[in-house]
Amino acid sequence: MAKQKMTGAQALVRCLEAEGVEYIFGVPGGAILPVYDALFDSKVIKHVLVRHEQVGAHAAEGFAHATGKVGVCFGTSGPGATNLVTGIADAYMDSVPMVAITGNVPSTLIGTDAFQEADITGITMPITKHNWLVTDVAELPRVIKEAFYVARTGRPGPVLVDIPKDVQNAELEFEYPTSVNIPGYHPPVAEEPRLRDAAQLIRSASRPVVYLGGGVRHSNAFKEVFEFCELLDAPVVTTVHGKGAFPETHSLCLGMFGMHGGRYSNYTVQGSDLIIALGARFDDRVTGKLSTFAPEAKIIHLDVDPAEISKLVTATVPLVGDMKALLPLLTEETKKAFSQQGRPDISAWKKRVAEWREKHPLRYKQDGQPHILPQWAVERIWEKSQGKAVVTTGVGEHQMFAAQYWKTSYPRQFITSGGLGTMGFCLPAAIGAKLGRPDAEVIGIDGDGSFQMTLQDLATAVDLKLPIKIFVLNNLFLGMVRQWQELFYDNRFSETPLSDLPDLVKLADAYGCLGLRARTPEELDGVLDRAFAHKDGPVIVDIRVRRQEKVYPMVPAGAPLNDMIDGEER
Amino acid sequence: MERTETRPNGSTHTISLLVENKPGVLHRIAGLFSRRGYNIASLTVGPTERPEYSRMTIVVRLSSKPVEQVVRQVQKLVPVVEVRELSPQDLIERELLLVKIRTPEKNHAELRALAETYEASIVDVSPDALVIEASGNAGKLDALEERLAAYGIQELCRSGRIALERGFKTLAPRNLK
Chain A
1 MAKQKMTGAQ ALVRCLEAEG VEYIFGVPGG AILPVYDALF DSKVIKHVLV RHEQVGAHAA
61 EGFAHATGKV GVCFGTSGPG ATNLVTGIAD AYMDSVPMVA ITGNVPSTLI GTDAFQEADI
121 TGITMPITKH NWLVTDVAEL PRVIKEAFYV ARTGRPGPVL VDIPKDVQNA ELEFEYPTSV
181 NIPGYHPPVA EEPRLRDAAQ LIRSASRPVV YLGGGVRHSN AFKEVFEFCE LLDAPVVTTV
241 HGKGAFPETH SLCLGMFGMH GGRYSNYTVQ GSDLIIALGA RFDDRVTGKL STFAPEAKII
301 HLDVDPAEIS KLVTATVPLV GDMKALLPLL TEETKKAFSQ QGRPDISAWK KRVAEWREKH
361 PLRYKQDGQP HILPQWAVER IWEKSQGKAV VTTGVGEHQM FAAQYWKTSY PRQFITSGGL
421 GTMGFCLPAA IGAKLGRPDA EVIGIDGDGS FQMTLQDLAT AVDLKLPIKI FVLNNLFLGM
481 VRQWQELFYD NRFSETPLSD LPDLVKLADA YGCLGLRART PEELDGVLDR AFAHKDGPVI
541 VDIRVRRQEK VYPMVPAGAP LNDMIDGEER
Chain B
1001 MERTETRPNG STHTISLLVE NKPGVLHRIA GLFSRRGYNI ASLTVGPTER PEYSRMTIVV
1061 RLSSKPVEQV VRQVQKLVPV VEVRELSPQD LIERELLLVK IRTPEKNHAE LRALAETYEA
1121 SIVDVSPDAL VIEASGNAGK LDALEERLAA YGIQELCRSG RIALERGFKT LAPRNLK
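Residue numbers (our numbering), protein chains in the order written: chain A, 1 to 570; chain B, 1001 to 1177.
Any given hint might turn out to be false.
Covered, in the sense of this in silico footprint (three residues per stretch, anywhere, with C-beta under 8 Å from a C-beta of chain A), are these stretches of chain B [unchecked claim]:
1. 1025-1031
2. 1077-1084
3. 1093-1102
Below are the DSBU-like pairs computed for lysine-lysine, each with C-alpha atoms no more than 35 Å apart in a straight line [what the hints assert, rightly or not]:
4. B:Lys1065 to A:Lys311
5. B:Lys1140 to A:Lys145
6. A:Lys311 to A:Lys350
7. A:Lys5 to B:Lys1022
8. A:Lys3 to A:Lys69
9. A:Lys69 to B:Lys1022
10. A:Lys365 to A:Lys324
11. A:Lys46 to B:Lys1076
12. A:Lys3 to B:Lys1022
13. A:Lys311 to B:Lys1076
Keep in mind the hints are simulated off the structure, nothing from the lab. Beta carbons are placed, not taken as given, at the ideal position from N, Cα and C, and that holds for glycine.
Throw the hints in and build the complete structure from the sequences for me.
Next up, the structure:
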């Protein structure tokens, strides 16, 4: 490719085009004006004007989750950049590939407390895989190439590139590099994976369980995981990010375990003698009290990030590498062990698991209840969308109800903020997911508290005429905090009741989209039908649910995983 | 500055890093140690045989976490080209000490003799003060410090540990080995 003379801003746009970027989520501002000017000429890249940079970052995450591609967001210097921080931190915790690009004040002003100056590379150091401050325009193409490479390879994650305004305006001879050479960034050392040891553990286990995390999605290893689980024919549990890694409608799948997992799922993990963890990191929300976690279990831990091995739970056999490449080798090795030594007999174990499942199902009782129960609402929405919709959620009780009752049958179908737990994630992620998967039905299950944290971006969804449906399970509370106050703070509801504001139907009207409300169980189905029939832009559905409903079962923070509390029987 | 040889609990490890010689790298590494709760006993950084890399020697004190965890986390930082714990058996470690003693001239001869015992040298003399320079491993410097305390230490400065392994082993990046 012949070199071409152009500005840094133009070069950036060319770089993004070369990376195949379709959407950028951002807000322009003074220090990124040259880039937006160059973007004006791009025929390939579509820019989505969000109303707050945090939404841009979350939308980029939603896009990345839904498609497996790198999400891209823009912000100007200072507040534009700091508004991105929550989204970047969220992506970091959940290993979402993202490239955030910020303008900064001219190089000569950096370090002078200039107008709208913030040290965004300093600020985001702990929450990015890496970041760059570009001081020489000649380095820009290489940096952008590296940024995308780092974001999507290994354990994916967010990166940030900060470009001072003078660098955007400076000229260079543009040529996009074809290869990346970062001396300190390489895949983990290819130690000979201990596949035989792992296969022997599987062969000799009598109470195995497969534990699936977000790594399955990041590695795109759905088929490989399915084959492995079918071969083992053992119970499968998932994290919230593991939802969709294996169909929850499959008889082996026990769904989510952990703080709000099913009793049967937690009992299964606690009672197992072998845990095969695939792309998961033993987060405190799934292990409960660490010292009592699965006391008899040996652990096979497959992860792409060597630093996750034995970080919290010591792995008996670690397998470091990309799941898509590594897991089939383990499947083969296990098949070999099974054919040579016979399959292990795990029927007694499966019977016990089935009994737990029978005896301790997830439960709620809508019959005879004057109010809509949020669990029932989730199940009704699932029915109405035939379980096929891509779901995004906010953070709180509604998120856990969705995690428990939304039976995820397909990969990339359940998009949520797991690690950071960011309220306000639902609407932005739905925008990103719908743009990434225009043919999919994309819905949001949100809470009233969570929804209000980013609702200004209804404007974005309306602008784009995105037929997304946001179901707000409205209990007029910051419900999850309220639940903890009821259980652990003696019913002292400090600052958790929310006033009945805004009127979500009128709000929808003000933004020019459809607003619906269901107050009683009798109203719900009709309202859902109207929502799903609406194809012309967003719908906001205000579902008034029983205010005091709590998420059960629950492992209190710091308690052993099988030490769960349940709600009152109704 | 931590007395590296006399901690009551925890174990210390010498970690050697080859890092890209670029702005902000120290910040990234120090930030990682602080946010993950790894206790830095000393940290030194300086040029190496190749201008594009710097070498850092970090002495880390760990009470519960295994040192492998620290090494793996550090390895994830993009500008860290190579990192390893140096084996305590094969370690050549040195530290530099500068210490200013305020003492009348009549004591100077005694101090000179003491310095000699520790292979230290007196690098500045004024009528009522001396500056002594010593190098060696931390234990030796700790001992010297203790002896000098009796004369009244006015000011003291230690460089933190630098270290290499004996023999042919190096920390060169893979592609340069």
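Hints not upheld, ascending by number: 3, 5 and 10
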